[in-house]
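**Q** Working from the sequences, and respecting the hints, build out all of it.
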Amino acid sequence: MTHAPGWNDAHHTYFSGHVFRTQTGTIFRGFLIDMKIFLIAEPCVLAIGLLIAVLRTSLSPVLAPVRIGCALYVDIFRGCPTLILLYLIGLGVPALHLHHVTKSVEFWGTVAIVISYSAYVTEVVRSGIQSVHPSQRAAARSLGLSSQQTLRLVVLPQGVRSVVPALLNDLVALTKDVGLISIVGAVAESIERATAYEDYFFNFTPYVIAAILFILVAAPLGRLSDWYTLRTMRRQGWAALA
Amino acid sequence: MGGARVTPVLELRGLHKHFGRYRVLNGIDLTVDEGKTVALIGGSGSGKSTLLKCANLLEQVTDGEIYFDGEEITDPRVDTDAVRRKFGVVFQSYNLFPHMTALRNVALAPRVVGKRSRAEAEQRARELLARVGLADKADSYPDRMSGGQQQRTAIARALANEPRLLLLDEVTSALDPELVGEVLDLIGELKAQGMTILMATHEMDFCRRAADTVCFLDGGVVAESGPPEQVLGSPSSPRLRQFLSRVTHH
Ligand SMILES: Nc1ncnc2c1ncn2[C@@H]1O[C@H](COP(=O)(O)OP(=O)(O)O)[C@@H](O)[C@H]1O
Ligand SMILES: [Mg+2]
Numbered sequence: 092m093t094h095a096p097g098w099n100d101a102h103h104t105y106f107s108g109h110v111f112r113t114q115t116g117t118i119f120r121g122f123l124i125d126m127k128i129f130l131i132a133e134p135c136v137l138a139i140g141l142l143i144a145v146l147r148t149s150l151s152p153v154l155a156p157v158r159i160g161c162a163l164y165v166d167i168f169r170g171c172p173t174l175i176l177l178y179l180i181g182l183g184v185p186a187l188h189l190h191h192v193t194k195s196v197e198f199w200g201t202v203a204i205v206i207s208y209s210a211y212v213t214e215v216v217r218s219g220i221q222s223v224h225p226s227q228r229a230a231a232r233s234l235g236l237s238s239q240q241t242l243r244l245v246v247l248p249q250g251v252r253s254v255v256p257a258l259l260n261d262l263v264a265l266t267k268d269v270g271l272i273s274i275v276g277a278v279a280e281s282i283e284r285a286t287a288y289e290d291y292f293f294n295f296t297p298y299v300i301a302a303i304l305f306i307l308v309a310a311p312l313g314r315l316s317d318w319y320t321l322r323t324m325r326r327q328g329w330a331a332l333a
Numbered sequence: 199m200g201g202a203r204v205t206p207v208l209e210l211r212g213l214h215k216h217f218g219r220y221r222v223l224n225g226i227d228l229t230v231d232e233g234k235t236v237a238l239i240g241g242s243g244s245g246k247s248t249l250l251k252c253a254n255l256l257e258q259v260t261d262g263e264i265y266f267d268g269e270e271i272t273d274p275r276v277d278t279d280a281v282r283r284k285f286g287v288v289f290q291s292y293n294l295f296p297h298m299t300a301l302r303n304v305a306l307a308p309r310v311v312g313k314r315s316r317a318e319a320e321q322r323a324r325e326l327l328a329r330v331g332l333a334d335k336a337d338s339y340p341d342r343m344s345g346g347q348q349q350r351t352a353i354a355r356a357l358a359n360e361p362r363l364l365l366l367d368e369v370t371s372a373l374d375p376e377l378v379g380e381v382l383d384l385i386g387e388l389k390a391q392g393m394t395i396l397m398a399t400h401e402m403d404f405c406r407r408a409a410d411t412v413c414f415l416d417g418g419v420v421a422e423s424g425p426p427e428q429v430l431g432s433p434s435s436p437r438l439r440q441f442l443s444r445v446t447h448h
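Top to bottom, those sequences are chains Z and H.
FYI, in this note's numbering the residues of the first sequence are 92 to 333.
FYI, in this note's numbering the residues of the second sequence are 199 to 448.
Since the hints were made in silico from the structure, they are not lab data.
It is possible that some hints are incorrect.
Label pairs and their computed distance ranges (CB to CB) [claimed, not checked]:
#1 Ser316/Z / Gly243/H: 28 to 34 Å
#2 His191/Z / Glu360/H: 57 to 63 Å
#3 Asp227/H / Ser253/Z: 42 to 48 Å
#4 Arg316/H / Leu262/Z: 29 to 35 Å
Here are some chain Z residues the structure puts well away from chain H; computed CB gaps all over 12 Å [as the list claims (entries may be wrong)]:
#5 Asp125
#6 Thr173
#7 Gly183
#8 Gly270
#9 Ser281
Ideal placement from N, C-alpha and C gives every residue a C-beta, glycine not left out.
**A** If you want it as structure tokens, here you go:
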């Protein structure tokens, strides 16, 4: 392979000693920023994911509207590709020039990532909660535990444990996707430069259209999986402990 | 005879339970007096488990009333969590919490429901485990115990709230034959100590020995009831005779 005609060019392009010496420091600083964002985003993702999963699996009739809201959250933000969400929120919110609201792309990019990932994590945690057999709830309620105590002490510890591998998988994906924020940052800079020289107007409409198309595909799939889960739960006799 | 009528621990009056159009219980009348053991027998699907779940309000009844120590617990204003604390329930499939040791399974209710300190709750749990002969299994997880040990732990857990009434749902059905004895012996001891028990069972020999009253569930009602020698010895309906000949064959 080292005799291939393009080898020298390729070797220089991918493994340049000069670039390696001069750029490693800069890249490492960027990497540290990514890790900082990751460390902030991850607890937020887990907390929001857990909260929405708990609300979505609640059996109380009073919480029905909340359940619908949570289902919409998941459908919209899980259906929308992370990069499009990053453009829409990471570039879109600063472009609104709101008073007293930060224009930091890093900040809004992190918000976008958290929203996107918490929608995935919600579904992972939810599947964990639903994997706990209803007889476990029956046993806990029979001891006189309230529904919240049952959730906290019996259902969640088992449910979360069963999805730890899946959560770790999402965590690894998150470490990589925080890097997308720097791409959005670069896009933001070039837009700024362009608008400084001419009457350049950055338009979000294409991203909105793309987002809607993606969500339209994902939403029915979400409904299908909801229907399937509900059917399984009915067969196991879940409804009894509302 | 002729003494003042003592309030029963549990009384079901005209209890109905329907699942959609499917009518499982169709007017159950049943009384459990203090210190007595009442056995529910009946074919698979006759509604024994459903009746027990209705009794401690795990299932919402469709119609009828349930009285516990004279108080109507089917009243919608009743605090159902508080009512359930007065029952101890043991299930066919044990339903121990797999993420807790035997000790924590038993100590959970005293801690969370009884609001006792951790030390107190664990002390009580150790006593209960000793009472069911499992003092040495306190730190074992359920999946490291035999079926008989798991079921005895489940009984200790059910006793943790000092229940007025024990509900036992075919507690030996999932056990290997050689482990059935240890669990039945334990239930016999509890009865001898004065515990009030309502149990669904397929163990006819145990029924004969331990039950004060046997109720045959058929068609959603208590089709026949009375002392075991009468119900099991000289059944009056062909349905019961048929049922008894089936269960005594194995
Ligand atoms: N949650 C439920 N939804 C619908 N049908 C049920 C439910 N629970 C029990 N049943 C039905 O009620 C009948 C009685 O069941 P069960 O009380 O478990 O009987 P047993 O304990 O005597 O075997 C069965 O036919 C069962 O299928
Ligand atoms: Mg049953």
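**Q** Now tell me if each hint is right for this structure.
**A** Checked hints:
{"no.": "1", "hint": "Ser316/Z / Gly243/H: 28 to 34 Å", "in the structure": "holds, 32 Å"}
{"no.": "2", "hint": "His191/Z / Glu360/H: 57 to 63 Å", "in the structure": "holds, 59 Å"}
{"no.": "3", "hint": "Asp227/H / Ser253/Z: 42 to 48 Å", "in the structure": "holds, 44 Å"}
{"no.": "4", "hint": "Arg316/H / Leu262/Z: 29 to 35 Å", "in the structure": "holds, 33 Å"}
{"no.": "5", "hint": "Asp125", "in the structure": "holds, 35 Å"}
{"no.": "6", "hint": "Thr173", "in the structure": "holds, 34 Å"}
{"no.": "7", "hint": "Gly183", "in the structure": "holds, 44 Å"}
{"no.": "8", "hint": "Gly270", "in the structure": "holds, 36 Å"}
{"no.": "9", "hint": "Ser281", "in the structure": "holds, 52 Å"}
This entry satisfies every hint, going by the numbered hints stated previously.
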